[in-house]
Amino acid sequence: MSDPATTHRSVGRSVDRREGRAKVTGAIAYVDDLTLPGMLYGKTIRSTIACGTIRHIEFEKDVPWDEFTIVDAGDVPGKNIVHLIEEDQPVLCEAVVRHREEPILLIAHPDRQLVEKAARSVKITYEEHPAILEIGPGKVHREILIEDGDLEAEFAASDVVIERTYRTGAQEHAYIEPQGFIAQWDGDKVHAEGSHQCPFYVHEALKTAFNLTDEQVNVAHCTTGGAFGGKEDFPSIVAIHAALLAKKSGRPVKLIYDRNEDMASSTKRHPSLSTLRIGATKDGVLRALDFDFRLDQGAYVTLTPVVLSRGVLHAFGCYRWPAARIRGRSFFTNSPPYGAFRGFGAPQSLFAIEAHMSLLAEQLSIDPAELRRRNFLRPGDTMPTGQVMKEDPNLEALLDRALELSDYRAKRSAWKKGSGRGIGLSTFMHGAGFTGSGEVYLASRVALEIREDGKVVILQANTEMGQGVETVFQQICSEAVGIPLEQVVFRRPETAFVPNSGPTVASRTTMIVGRLVEKAGKQLRGKLGELSVAEHYRKSGPLRIEVQYEPPPGIQWDEKTYKGSGYPTYAWACDVVEVSIDPVTAEIKTERVTSTVDIGTVINPTLAQGQVEGGVAQGVGWATSEKVALRDGAMTNAEMMNYIIPTTVDVPEITVEFLPNPYEYGAYGSKGVGELPMDGPAPAVTAAVAHALDREITQVPVQPEDLLE
Amino acid sequence: MKKTEITFTLNGKETTVAAHPMARLLDVLRGECGLTGTKEGCGEGECGACSVIMNGEVVMSCLIPATQAEGATIETIEGLQEEFGDALHPVQEAFIKHGGAQCGICTPGMIVAAVAYLRDPGRAPGGVPEALEGNLCRCTGYRGIFEAVKRAAEEAEKR
Amino acid sequence: MRTYLPDFECVIPSSIEEALQQKAERPERIPIAGGTDVFVWMNFGILPGPAYQSLHRLAPQWRTVCAAADGGLQIGALATYSDVRFHPHVKKHYPLLVEAARVTGALQIQNRGTPAGNIANGSPAADTVPALMVYDARVRAVSVRGERTIDLAEFFTGYRTNALEPDELIAEILLPPPAFPPEQQYYRKVGTRQAQAISKVVFAGARTQTNEKQVRLAWGSVAPVTLRSLKTEEAVARGASPEEAWAMLQQEISPIDDVRSTREYRLKVSRNILFEFLEKTKV
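Protein chains in written order, with our numbering: chain A, 64 to 772; chain B, 155 to 313; chain C, 995 to 1277.
Each statement offered as a hint is correct.
Calculated pairs, DSSO-like style, for lysine-lysine (alpha carbon to alpha carbon, straight line, at most 27 Å): (1) A:K652 - B:K304; (2) C:K1262 - C:K1225; (3) C:K1262 - A:K652; (4) B:K156 - A:K180; (5) C:K1207 - C:K1276.
FYI, nobody ran anything at the bench for these hints, they're computed from the structure.
Build the full structure now, drawing on both the sequences and the hints.
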């Protein structure tokens, strides 16, 4: 396939970020930059126990409560439920408390500081019950089982069988812009705008909580300062809360979380516990995988069924397995509910399988790269789900290039085990788009409209949070319609004015929604014929092209047996990580990460590289420094000073190279990139640390406290 | 305690505001002065999104008492571009060109810190990473930011 | 920001005399130098008292760093970490202060925070205090009643409590001429990351094997106060082996588990740092 940069006008070029000027001047407005006349500031009053019932609520005398708007569960006009997958999470606690920081009351006042003081003057007493705070004792919510081949026979035929248990910790998104929403009512209609990823999720949640019709709710996207999944489901709660206060007060209400509240109360990555048993021949040919994958889902369901699903569907890694059994279970606990975080279950299961592969290599005295090479999926191979590799995963090319760029072999042999310097690697994939029939169910729609001034407006619901959708969609539209970039407009997603193109999650935006933009653009080009956009408008008036998602041919998925094509396609990558361990302190310095990546056609190289680099930094943080210190069901390090994300002097050198492998059904051949970079660093880091110290590492984060002799 | 009048030079213009002496400079800038380019990411002086230049030094405006801004010269992100007319400050240009900004929330503070550094590189002998160690970014992994500042420095050399 | 400001009062003295008068009249007044600690408390809604005193107008007198006549160092109460870090006399003669200032927070914090404020705040995690202790720093305290100097090694009387009288302010930090050549000095901060980090263990040390065997070992984050491990210093001066020195040190420090690290790790790191120090400063 020819290089897009030479044959395309826009696709394949590192076009400047379209909203870049507004961002670098500080002119672009985030939700907390907005002020409305008569606006009140809201605050959430939260539980201080992990499990129990509310006994009494006292409003202390030092606050002018008559000036406040106060909302409780009784004020929810519709269902006291945050609409998501299941109807289990209340908007506000009525009596039963299931986790620390559970919302109980809302208050609002015109003075933003007084609201804070007032919040401290609400004293709630409880009857406390014992809390479940680890995976195991609590109820199992969902169970998935994948079985393929004759497991016992393959284990029996194996020369070695190795079993280990791996643990991954929670992870806090730490987007630099905290959660926030502004809500206001106009009669029986509510308008909500804020920081979020999925306007139509918020839309649905507001309808449910207030018993409204589609037309009575409008959700508008504000420029979002980082999200990473943390603003997929959680903002529905913020928006409903703001809307409740706005309804009761009759005034617009701004509800912004400060950092401590945001970290303490919002969703995080699901902690996981994986027990793996692998059987292999002494030559390193894999025979059997028995993987028991467990997630801590916290107190409510949120998105756990899909996280579990994705975790299970990545548990087998990018290898051929004659037999495999993958069992996934999610457990309730009394921790604050876990939710979406970049990778969405895949980092957890991939950590375990990749760590176990590195261990297996060690035990068989086979180089970790070679062990993987011997077992890579090739065209025509099947995954344990039965999905046939129709496209070439190209794993050997990715591996070889990563080994070459990182000078892996020389370093691996020069740095003796236990010398304090180590190099490790991982090979991994990320299924792009929603699982199984998810995309069909979403039935995403995108529209293009022409304007009198000759511009084409993209109408859809996928949101810019830094990943570059505004720019990439404009590039795709420019390419497909055949017009200059300057003639394309990305309309701010707002539910009353755009079709539902689905949520901005699951690495689906460029590949699936972008393809709809491409499709609509090509249809528009056909309609325009020889005329320019302005000419066509003058001649025939307004024109709107709307297209809906159609699945690629031949994708079958059985939700009950978990057999078929889990994802329409996968992005693939290889990470090589180099570390050095300080002998005095056991501090881990991640020196360099080399990442070779296949995301199909790269629509905008600079933006794509930025996604990989950012994901690598987050993955390294998760592996080494980002510990969510939970005690008694509360995060005790809910501050930027104590939840440790990498600074400029912590981040490793990062080398990224794309090996494009265009995918027929993605926009201009593209596949998803958003989450893939998060999936690989952690096991490569721990493999490098294991090499450097000649010991096993079975959990992340791995910290000096775990290592110092 | 009541508010007091505090006068300082803001982006080259003499400005007087009424504020509690212990009001955060960040809130004065975003509120009384109407300049929302400076952001609050943490309130703890950790993330640097609130960075401004005060008397020639980069500081966290979330940790500055309004009264201590009296008589000071303060530059915010909005002011950096003014001398360039319709064009952008070279550092801003470089951030757009080289992937220095993704979600943009850390960007104003990051650019302010970068500009302060380029004006006086001796204050960060460790180079660009040290100069920006007080500015957290969650999107970029910093590499695009380093590239942008490096290129802006090279452009400045040429001119 | 969780503080309701109308409940708080802040005076702004225009002279040292006025400041001392205000402090004498209302001793519970908390002075604000750079504000890099006080404002973090303000953010979290945990300001310890209702009355404050911003000292910024005293900058002409107190924001000073200068070489003393005897070759020592005078750091004014309002001198920032950056003022200290880049001062030629400090760079030449007090390298541990340069290093300590460099690893304090980040540039934005160094441009505003002050070593004097760090001392007054009394956190045992203070980064510059161990270095100042190694240099035998003294604190000059002033009040309406006059002035006095207090050895920094005796300044901290308990967790976040100090020897200042309620009506006293710190005017400056005084250091004698350095007693150790630079190659006999050592500083190490072990933090949660490489910048913007609170220390898990922070250590400054120096020794010389001349006729007067001098040893200084100052530790932060391993006890309720920053301290000099005097018994261990004596042991090292007497020629104790590293293991003997370590045995002594364990009696003088008492690290704990907290949100950043564990007692066990802090003990191991302290041991390793002690050994590295002894190795590097061997004469």
